[in-house]
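Q: Given next are the chains, with one letter for each unit.
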Amino acid sequence: MGKCTWEKPKYPRLVWMIGICLCYLFFCNPPLLAAGIQVHASLGFGEYVVPGRWTPLNLEVKGGEFLQPERLTIEVTKVDSMSKPGEKSYELFYLDISGGVLRLQIPVFIVESGNIIQLTIKSDQQVVATKKINSRERVFPGHLVLTSGLPSSAQQAISKILLPREPVHTVPITPADLPTHALNYDGISALLLIDDGPILNPAQIGALCSWLAGGGILVICNPRPGEDGLFSSLTGSTANGLNQTYLKQTNTEQRFSSSQSREGQEELREMIRFGFGRIIKTSLPVNSEEPAYWRDLLSLSHFEEAPRLTAGQIFPEDVLPELNLVEVEAEGKFELRFLIMAWSVLGFTLLYLMKPGKMRLHALCFFTLFSIVSSIPVGGWLNGLWHRGAPIQTQAILLPAGGGVIFSSKTGLPKNSHAWNLRLQLDAAEKGEINRYKGYSCWQHTLSTYTGLLQTSSGRAMTITGVLPVASSSFGGDFWSALSSIVSTGYIGVYDGETWRQFQLDETGQASWQVQTSDTLAWVSKKDLIKRLHQLFPDYKWVYGWSSLPGFHLKLETGLCNKVFWVTPAPKGVKL
Amino acid sequence: MIIIIWSDLKDWYVTSATRTLAVFLCGLAFFGFITDLRPEISFQVLTVLGLWLGLNCGKEKWSSARLQSYIYNTTLKPGTVVAGKAVFSCLLSFLHLLFVLPLLLLNAVFSGVTWDVFLQMLALFLTISTLASALASFAGNVLTDAKDSLIEGFLIGVYLLCTAIFPTLQSINPLVEIHRVFTLGATKGLGSAIISNILILVTVLMLTWIPYRSGKGEMKYGQYQ
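Residue numbers (the numbering used here), protein chains in the order written: chain A, 46 to 621; chain B, 54 to 278.
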């Protein structure tokens, strides 16, 4: 009988190799490991971006576990032609996701030459997804108009209103996708909405009002009457309605008109000035295919001739000049030198006035220990005074009509600075660091609402730009009292295109301002900004000042640096 | 060994502590004052002061007795004496470091120097100061057998010069290394500089010990007076 033997089954080599490859893919490929997270990213409205303006980076994140929320870290890195090799600048956002779909609109600044946006999403330090978006592929240097509820024929008509000189790009959008951050409106020239009632959330309304106050055009088609309408939700939330005096001063150009449309319907049109912007209420026809109709309705100037008070236009991309340490204001140096002197004199006294013995030994030990323990808090305090020799320049535009405050803060390490790094903090939720030794600058947001965003940065400098809301109670009186409620202290001046005048608030805080000096105002550090604003808007006088702003707490190292050079347009009719 | 360290420390405290501590204090405070605590200047000054301290320590100016005296006049083993002298030198450098530590800490906080680099800088100071002491001791007790000789300073001078001139040796020159760290951000070489210093220190200590290892009374390099 033949012996029955069991033969071990042999798998072909190919099967083993495929198995090993699959194991490798499963265990080593991060996207597969975190297969639960799906990310879709796009830049701009309709994927078009206006160069030199802020634009939304739209993120749609799906997945995560229902029971256990997952914290995702979103790292946004911008690369442009100015980026140096070996240097990295990035912005960090955090997102908690638990099984649903989350949409984010992150404002990013697109430089004139365009950026490449690199997006890295991490979960527990593990990369879940990476995306790369080249903004140069969809650049549109012209008017972008958002429309909601308009037929395509009307959109095509709008796109022709400035032809043959330039096209206008229209992007259809749903009200739910309207930006919640004012910076995302930066590249938008006009917004046309069918009035579906008060459907916008407070963040969207705030952003819309900031944009309007800076010069945006909002067309509300088919407006609903009373509190059911979009208009009342806009005006009721920011400045307690149009009956407020400060707003009223910018609202004097209310215009009513009526015309007969082609279909024979009577069109009622109402134009309300809102700061530098306009709200146009029109009772149809939204289906007009005539470019002339839309040209008349929107009154858009050519793109290059249409200035607005927006972050991108007023605070364009700017590299912090290479500063030498000697040029930097040397605050805190006196304290430092005094401390060094005091410490050395005290040590010297102990050494030479006391005879060598136990007493001197004890005194020296105590002196050394006390100095060591106190050196770290004292160093921190000095750092707050001197903040490593880094200058900080914050400029702000106080938007009319309660539209908020657009600010831009630039800081950086001077050329011959010996500091290793510089830390910046805006309120409690946003902070960043410039680290010239590791060659990076980063800015991180710990909350889902963003105040300041990274505009431009390098291994030595960064610019943070944002929009601060203003409490509606600030707009309860006339221009001066409204202004003094925002900037109650500090210097105030007026520029009318020729002369620089300085005023001082009297004790009552009312209109009795006194001229103190003229011509040479040393504290006006940003004359260029005011002159540029006057060139853009020659009809306005510009009130400016140097003071701290409420709600603006910027820390450089441990020292508060919330002094701001602010500018605001004085409404026509205000006595200056 | 403890006896050597203790007696040398006592002698230093009574005769020279005021002067050496005052030199450290004034040197660092002066340069800190005029340069607004530039870290590279402060640490370079600290290194120079450490070299000066090490040289004087190696010359045994502040010791209660010389290395040879301990070997020939006590029952201590030569190895113990050499090691004791090295530990005393390191301890003395540490005490000086402790005395000026507040200013160095202030410097680190003020300029944002990271703690790992700061600690490595302190280690570099301790090793270079002890190495200077060991070189001076080697020159004074083995090479020349003279109490006051220029050769101690000459040796450390040659060491600094050679390591500064030749690019391959620059990573072990403390002054060049400090300049590199604080102006170029090249912190990776600090560890190798510390290790190199320790290796050279051990070698020098061995070279000092070898002539005396066979026992007391055998005068290999001249008669001790």
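Don't read these hints as lab results, they were simulated from the structure.
Beta carbons are placed, not taken as given, at the ideal position from N, Cα and C, and that holds for glycine.
Treat each hint with caution, since some may be false.
Said to hold, decoys possible - Take a look, some chain A residues computed to stay more than 12 Å from chain B by CB distance:
#1 118
#2 196
#3 204
#4 208
#5 218
#6 393
#7 409
#8 410
#9 414
#10 440
#11 465
#12 470
#13 478
#14 483
#15 602
Claimed, not checked - Ranges of calculated distance between the beta carbons of each label pair, as one might list FRET restraints:
#16 A:425 to B:125: 14 to 24 Å
#17 A:386 to B:239: 55 to 65 Å
#18 A:83 to B:244: 40 to 50 Å
#19 B:255 to A:425: 32 to 42 Å
#20 A:141 to B:255: 51 to 61 Å
Q: In this structure, is the beta-carbon distance linking residue 141 (chain A) and residue 255 (chain B) contained in 51 to 61 Å?
A: holds (55 Å)
Q: Beyond 12 Å from every chain B Cβ: check whether that's true for residue 118 (chain A).
A: holds (23 Å)
Q: Quick check: does the Cβ-Cβ distance between residue 386 (chain A) and residue 239 (chain B) fall within 55 to 65 Å?
A: violated (33 Å)
Q: Taking the shortest Cβ-to-Cβ distance between residue 208 (chain A) and chain B, state whether it exceeds 12 Å.
A: Holds: least Cβ distance 55 Å, greater than 12 Å.
Q: Does 14 to 24 Å hold as the CB distance between residue 425 (chain A) and residue 125 (chain B), or does it fail?
A: Violated: the Cβ-Cβ distance is about 55 Å, outside 14 to 24 Å.
Q: Quick check for students: does the CB of residue 204 (chain A) sit more than 12 Å from each CB in chain B?
A: holds (52 Å)
Q: Would residue 470 (chain A) pass as off the interface with chain B, using Cβ distances and a cut of 12 Å?
A: holds (15 Å)
Q: Determine whether the non-interface label on residue 393 (chain A) survives the test: each CB of chain B must be over 12 Å from its CB.
A: violated (6 Å)
Q: Can the suggested window of 32 to 42 Å be confirmed for the beta-carbon pair residue 255 (chain B) and residue 425 (chain A)?
A: Holds, at about 40 Å.
Q: Over 12 Å from every CB of chain B: does residue 410 (chain A) meet that, or does the non-interface label fail?
A: Incorrect as stated: the minimum Cβ-Cβ distance to chain B is 9 Å, not above 12 Å.
Q: Would you say residue 478 (chain A) is clear of chain B, with no C-beta pair closer than or equal to 12 Å?
A: Contrary to the label, residue 478 (chain A) does not stay out of reach of chain B, its closest Cβ about 9 Å off (not over 12 Å).
Q: Decide, holds or violated, for the assertion that all CB atoms of chain B are farther than 12 Å from the CB of residue 602 (chain A).
A: Contrary to the label, residue 602 (chain A) does not stay out of reach of chain B, its closest Cβ about 8 Å off (not over 12 Å).
Of the numbered hints stated above, those contradicted by the structure are hints 6, 7, 8, 9, 11, 13, 14, 15, 16, 17, listed in ascending order.
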